[in-house]
Amino acid sequence: MKRTVYAWLLLGLMSFVFLPWHMTRDGFTSFQWLNDGSPSSGLFMVLEASNWWLIPTGLAFVASLLVQFFVAAPVARAKITLAIAVMGLFATVLQGLVIVVNGPRAFTGLLSGEIVQAGQQSMGIGAAVCLISLLFAFSVSLSQSGKGQGDAFVTSTIALIISLVAVFVFFPVMHILIRAFEVDGSLSLIGFFPRFFSSEIWGLNCLIGAGSCGPAINSLILATMTGAGTTALGLSFALIFTRTDFKAKKLLRILTVLPIITPPFVIGLALILLFGRTGAVTEFFAEMFGMEKTRWLYGFWGVYFAQMLSFTPIAFLVLIGVVQGVSPSVEEASQTLDADRWQTFRYVSLPLMRPGIANAFLLGFIESIADFGNPLVLGGNFSVLSTDIFFAIVGAVASPTKAAVLAVALLTLTLSAFMLQRMWLGKKSYATITGKADSGQNAGLNPVLRFICYATALPWAALTLVVYSMIIFGSFVKLWGYNHSFTLDHYIRAFGFDFSRWRFTGVAWDSYFTTLSIATIAAPLTAIIGLATAYLLVRQKFWGKEAFEFSTMLSFAVPGTVIGVSYIMAFNFAPIELTGTSIILIIVFVFRNMPVGVRGGIAAMSQLDKSLDEASITLGANSFTTVRRVILPLMGPAIMAALTYSFVRAITAVSAVIFLVSARHNMATSFIVGRVENGEFGIAIAYSAVLIITMLTAILILQGLIGVRRLRRTDRVQPSA
Amino acid sequence: MNNSINSNHHGEVRFENVIKRYGNVTALKGLDIVIEPGKLVTLLGPSGCGKTTTLRLIAGLEMASEGNIFIGGENVTHLTATYRRVSMVFQSYALFPHMTVRQNVAYGLTVKSVPKNEAYQKADEGLELVGLAGFGDRLPSELSGGQQQRVAVARAIVLEPEVLLLDEPLSNLDAKLRRHVREEIRQLQQRLGLTAVYVTHDQEEAMAVSDRIIVMNNAEIAQEGSPADLYERPASSFIADFIGDANLVNCEVLSAENNKGEVMLAGTKYAVASDGMTKGDAKLVLRPHALELLSPDHAGLKGEVSYAAYLGREMQYTIDTEVGQLFAIAPVRANSFAKGDTVSLGINENLARIVKA
Chain A
1 MKRTVYAWLL LGLMSFVFLP WHMTRDGFTS FQWLNDGSPS SGLFMVLEAS NWWLIPTGLA
61 FVASLLVQFF VAAPVARAKI TLAIAVMGLF ATVLQGLVIV VNGPRAFTGL LSGEIVQAGQ
121 QSMGIGAAVC LISLLFAFSV SLSQSGKGQG DAFVTSTIAL IISLVAVFVF FPVMHILIRA
181 FEVDGSLSLI GFFPRFFSSE IWGLNCLIGA GSCGPAINSL ILATMTGAGT TALGLSFALI
241 FTRTDFKAKK LLRILTVLPI ITPPFVIGLA LILLFGRTGA VTEFFAEMFG MEKTRWLYGF
301 WGVYFAQMLS FTPIAFLVLI GVVQGVSPSV EEASQTLDAD RWQTFRYVSL PLMRPGIANA
361 FLLGFIESIA DFGNPLVLGG NFSVLSTDIF FAIVGAVASP TKAAVLAVAL LTLTLSAFML
421 QRMWLGKKSY ATITGKADSG QNAGLNPVLR FICYATALPW AALTLVVYSM IIFGSFVKLW
481 GYNHSFTLDH YIRAFGFDFS RWRFTGVAWD SYFTTLSIAT IAAPLTAIIG LATAYLLVRQ
541 KFWGKEAFEF STMLSFAVPG TVIGVSYIMA FNFAPIELTG TSIILIIVFV FRNMPVGVRG
601 GIAAMSQLDK SLDEASITLG ANSFTTVRRV ILPLMGPAIM AALTYSFVRA ITAVSAVIFL
661 VSARHNMATS FIVGRVENGE FGIAIAYSAV LIITMLTAIL ILQGLIGVRR LRRTDRVQPS
721 A
Chain B
1 MNNSINSNHH GEVRFENVIK RYGNVTALKG LDIVIEPGKL VTLLGPSGCG KTTTLRLIAG
61 LEMASEGNIF IGGENVTHLT ATYRRVSMVF QSYALFPHMT VRQNVAYGLT VKSVPKNEAY
121 QKADEGLELV GLAGFGDRLP SELSGGQQQR VAVARAIVLE PEVLLLDEPL SNLDAKLRRH
181 VREEIRQLQQ RLGLTAVYVT HDQEEAMAVS DRIIVMNNAE IAQEGSPADL YERPASSFIA
241 DFIGDANLVN CEVLSAENNK GEVMLAGTKY AVASDGMTKG DAKLVLRPHA LELLSPDHAG
301 LKGEVSYAAY LGREMQYTID TEVGQLFAIA PVRANSFAKG DTVSLGINEN LARIVKA
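Order-wise, the sequence lines are chains A and B. Quick note: the first sequence uses this note's numbering, first residue 1, plus one each step. Quick note: the second sequence uses this note's numbering, first residue 1, plus one each step.
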């Protein structure tokens, strides 16, 4: 244990002395900084550039190393090291926030002097390694100084995750809040409220029939309707799936998975191709019945339609768990008490599903309000918050402040929904799964209800099928709506390959490879952080655990557009400058998708009996060994799910990414947005089709690699007593 | 059996005023216990009495809020489970389902960097010790409940722990197997001279395996002693009721000297054992077999049979009397009583005791 602290401190000291503290112009890996003559490492910045504010960092390492040598009592040594590490961390972070070249500056009046005013560049590799070393020196010492439950692996994991969430979720969101309160370069509370509550955002004109509403009201109405609609449809699907002998259940299942691997604009595009002014259905009705071709699709109804197609599967996935969770024995009990099928459903099953239904509604609500792709393609004059934020950043009149205020409005809505969900679910427990094997059969649906379910869900399933066939069809025709002759042009333009010169000539290759490599890097990182968090939440007790859980789930409630805007606001300046790199894309994916890994991990880990861990611990293994040898091998499916999900999301994400891509690191989805904006639908759809196939292939490969290890698990079976 | 698993490492367990709190709830109120080396001591009590908490404190799975814990003379209060020389057999066995039986048993050795073949050899010895030689290559799911239980025991003892902890190890076995397995555990413990702490809520099981029993109630020790002490000399009505069946009847102590008390019950005087009791109200402890059912013309406590059950080797009766309902066990005889019969109850004074009211 002493060796661990020692190693971290030594590493920190070395990087303080040798590694470039600040961001180097040509990047770290070029090693230009080695011989360009200017001082670079922390030590040299202090000695030659008089950057005295770096002294505490170096001192912290020296002092705590001395402590390791000269303090013999383990607990005292740990406590002193702990204190020094905390001070070192604090000083290092503070100097980074206060002394910057340009950009937003905290505590401006705190320090003065010429060198301070000149500022410093962003933190580089040296600063990063120093901070990490201090952090781990802190967490390992913490594990040895407190009484009991001292496991360096656990404290270090907690410290690492909290720091990462603080830096990559809270720090940027703070930036957006500060920016929203900023008027003419200074913070103003009084200036914020008129802008925040202006009728431009919250206008209610559409309700009284006098023009259009503000984007916040639009978002709210749309999200409420989408939440209600997807929940109703999802419930229909779930009931058909579990309570009827419907034949084509497998097909239903596939239909519900498809939208998850569909890039965000595809449904919108397919709807345009079907119902737009020159869409197939529009043409058909115009010819047959002489109906007028209108642009009804571009506006509220089009967006609503697309969101219903996109988010119904999510509601289904939530509700199927809930519907299956209603124990057959309570339904059988109800029936033996002479209730008929309708009464059983109405008075027993439905009330038990209530929390799940609320959950599905709120999930649909949040998804709809955060949705970016569909409103962008189909919104027309119907403005919602997420797209307005985008146009406030990239539009003709770029106004970061307006974007920040809109982002705060959006954040307010999603966080309220999120809180509501937690309050609702926190209080009530309807759990009917007991761990005892339940035999018995769920009650069938009564005929009227069954008819209603079929009548709503099946046409919907058929429509989804049509939409997806359109995607394939559309990618093979010359110009949709005008010239339906078969062509491979779109594919060749996007993914052409010149065999004579061995060159990727297609226009899409660059973004395709970038997307794949970034998704490949982000997926395992997301899985690791998500599962580690789940492990801490399920298996470890520590102070502030609830706040910890809340903050990790928070990044789920922060819509992608808000994250995107906040990242360009926060990471465009010192102390952390990441915009324009591929690192920021990876980071944004990791923290956007982490909550799903956490949820999946929690679900999987809750099924592993806690006594397995305890057995391992009492047999002399530490937490790290326990995780490696007992927990991970039993979590194969959860790891697989986390990997797949984060990979797929990294490929299909658009809302946050679109702010962060650069010419060098373009992503598939933002490339498609560009094509859609230019009206090149064919190539956009061809690209989407390729992405879908790519994701399917990746899922299959992952499934093959990790496999589903089948064990007859005995730890949860209750033998007859 | 020539075995390298030996008993050199049996340690004493000592609690000094150990308090455990969860938030505002006190799970243990200042516990002082000593568990002698080589003995099997059972923690017995109703659910929620703190017995499992005590066991987990010894294991290091919970940390004491106050007080000190010593194992083998060493203060381990702040050591986590990883670093204590203690192993535990879990109620659910907690066998790792993805490892074979041999890997399971060798696990504790391999995490301590014992070379694999040595660990496996030792694991096979452990399996032999519990009568499972040759089962090493199976998965836990391929074993019966009783076999899994023995694997869990083997896994715990190959580490040669200073203390072996058993947390309701029999509760997942069926009734017949339970008696067999508890005998095996007891024999193994005695053969290896292990210090063992055993938790159960089943008083019969506790009496069958223990050198000493610590009965706990409401987060503290209610009474401790050998099985015979607890059954024959209960210190309170709780113990009398909890250890074995007992009828507890309100009575009045007329006089008490030389550990004999004179008790008045429903107009009749009885002389029964009474250490340390004084005059006044008390409870009379009547074991079911201390009651004799006689025909109503005999002298004694009058009552009416309200329930009679034939159990093969004995009859069980519930009798309504003026001092309350009494439960009695009698040998099966030709002229057994039936529901509704009036009886006279004789009390065997040697088997009765008085405890504090």
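Hints listed in this document are in silico derivations from the structure and should not be mistaken for laboratory results. Just so it is clear, the structure is predicted and the values come from calculations on it, not from any experiment. A portion of the hints provided could be inaccurate.
[Said to hold, decoys possible] A few chain A residues that don't get close to chain B, going by computed Cβ distances all over 12 Å: (1) Met288; (2) Ala462; (3) Asp609; (4) Ile699.
[Said to hold, decoys possible] Coverage of chain A stretches by chain B, computed from C-beta distances (three or more under 8 Å per stretch; other residues unrestricted): (5) 11-21; (6) 630-638.
Cβ atoms here follow ideal geometry from the backbone N, Cα and C, with glycine treated the same way.
Honestly, which of those hints from before does the structure not fit?
-> Per hint list: 3 and 5 violated.
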